[in-house]
Amino acid sequence: MKKREATFNLKRFLMANIVPIIFILLSAFAIPISQFSASYLVQEMLIRLARDSFLVLSLLVPIIAGMGLNFGMVLGAMAGQIGLILVSDWKVMGLPGMTLAAIIATPLAVALGWMCGAILNRAKGREMVTSYILGFFVNGLYQLVVLYFFGSLIPIHSPELVLSRGYGIRNAVNLVGIRNCLDYLIPVTIHGIRVPLGTFIIIAAFSAFIVWFRKTKLGQDMRAVGQDMEVSRSAGIPVERTRLISIVISTVLAAYGQIIFLQNIGTLNTYNSHEQAGMFAIAALLIGGASVAKATLPNVFVGVILFHLMFIVSPMAGKYLIGQAQLGEYFRVFVSYGVVALALVIYEWRRAQEKAYARRMFRGEA
Amino acid sequence: MIQIGLVIAAILVSIFLYRIGKGFQFIVENKNYSLGDVTFEVRGPVRVTFDDEIQLDLGEDEANLALLIGYGKHKIKVDVLDENGNVVSSTEKIFNVSGKEGDLLSIPALLGGSETWIFKRET
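Protein chains in written order, with numbering that gives the first Met the number 0: chain A, 0 to 365; chain B, 0 to 122.
Hint data in this document are derived by calculation from the structure and do not stem from the laboratory.
Heads up, a few of these hints could be off.
In silico lysine-lysine, PhoX-like type, Cα no more than 25 Å apart, as pairs [to be verified]: (1) B:Lys99 - A:Lys90; (2) A:Lys293 - A:Lys123; (3) B:Lys72 - A:Lys90; (4) B:Lys74 - B:Lys99; (5) B:Lys72 - B:Lys99; (6) B:Lys74 - A:Lys90.
For each label pair, taking beta carbons as the anchor points, the in silico distance ranges come out as [claimed, not checked]: (7) B:Arg18 - A:Ile153: 15 to 25 Å; (8) B:Ser113 - A:Ser38: 32 to 42 Å; (9) A:Val210 - B:Arg120: 49 to 59 Å; (10) A:Asn16 - B:Gly22: 23 to 33 Å; (11) A:Ile102 - B:Asn31: 44 to 54 Å; (12) A:Ile153 - B:Ala8: 21 to 31 Å; (13) A:Lys214 - B:Gly98: 42 to 52 Å; (14) A:Lys216 - B:Ser97: 46 to 56 Å; (15) A:Ser36 - B:Ser113: 51 to 61 Å; (16) B:Ala9 - A:Pro237: 25 to 35 Å; (17) A:Tyr39 - B:Gly22: 31 to 41 Å; (18) B:Leu64 - A:Asn120: 49 to 59 Å; (19) B:Ala9 - A:Ile185: 24 to 34 Å; (20) A:Lys214 - B:Arg18: 31 to 41 Å.
No residue lacks a Cβ here, since even glycine has one placed at the ideal position from N, Cα and C.
Go ahead and model the full structure; you've got the sequences and the hints to work with.
See below:
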């Protein structure tokens, strides 16, 4: 009996963690083939962990509130980028520049998050696809502002930023003034490996905030809303308001996450950086073993490590294995984004099964 | 009331961050500089240090860029060097950066005792 139970648990564990296990196996296969040294991989992983973790963490709050994966986080990313464009024009350097960008981005992210939350409250049950399409809509507005309003309605003085026609922002903005200002705020080097300690401290503080937040009244309300909206409403929880707040928090945090991401990269791709932010963060979270309905802090960090490990090793593994780096990269893209599709399908399948089970229970057949 | 207080605090913090983080780029020039009838001549290669952090080595008739961060007072130290790189003389000054004084910093004018040694570039 005990043996059967142990086997059952192992099976359940494997089923629950199938995605990270596949990625661990793929990495274990690809790392030796890529021929990268351990120190190089550790350095790259530390940089990428610092770069992406905050963005991925920003996805947790809407999942707690049962709103699924917030594809609308790109709205926050756009707000962060507007802050960065402005501080680049004003030539505000270093940590003050980065903090000022965050302050500028905050009201924009709150407004966009509020709009997104209000729309998602009218699209209950279809939050993910709605927020995904909303991202495209706001991307259009963002492009209008950045391509036509900046330099005309909104004064931009720096010739390095403005297109030669006199208005609109160039494709690439050099963030040399704030590059790595947070990452290496506290310079730490261990065996030749530079540790972006400044960003890790912020990420640790934010993780602690998430743990604390779950225990607060609002956090508990979000969990209740995430489990059952009707029961929560009956219990006196303002369901719509709670859901809206979760999206506002996520959007604001995504704005900060994008600022941290770009200070690590050092270059802002004005018209594309935000588009990738949502998909990369969601893919990383799912690879970490999260689902649409449940995500934890370990999912975030495991996901970021595995996702980026594939990023680093797959082109070189492809090169040494098949002779073409591009094939390894295609494989990574295929697997990484296939995981997003698979996670969504599995979630819907499980939900349909649970509904069918509930109906059978109701009829007394189960 | 709390919201208004937060907005005011955010604005004040933003102004503070802008003032301490604003970057000013200067062209530091070690070339002869004429100011009216007076010409300040180059005294030799120099080592220019700003705020004990940014260091520029300039030969005769050379120029380079320096980025100073923050409004307010900054320190400049100019060491005139001989052919072997030894310090012949040293001059230290505190100056104020407000963004209005110009962006051309003439080392010969500074060493020559001119009252103004930061100028607006002639375009």
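Legend entry - Non-conforming hints, listed in increasing numerical order: Failing hints, ascending: 8, 10.
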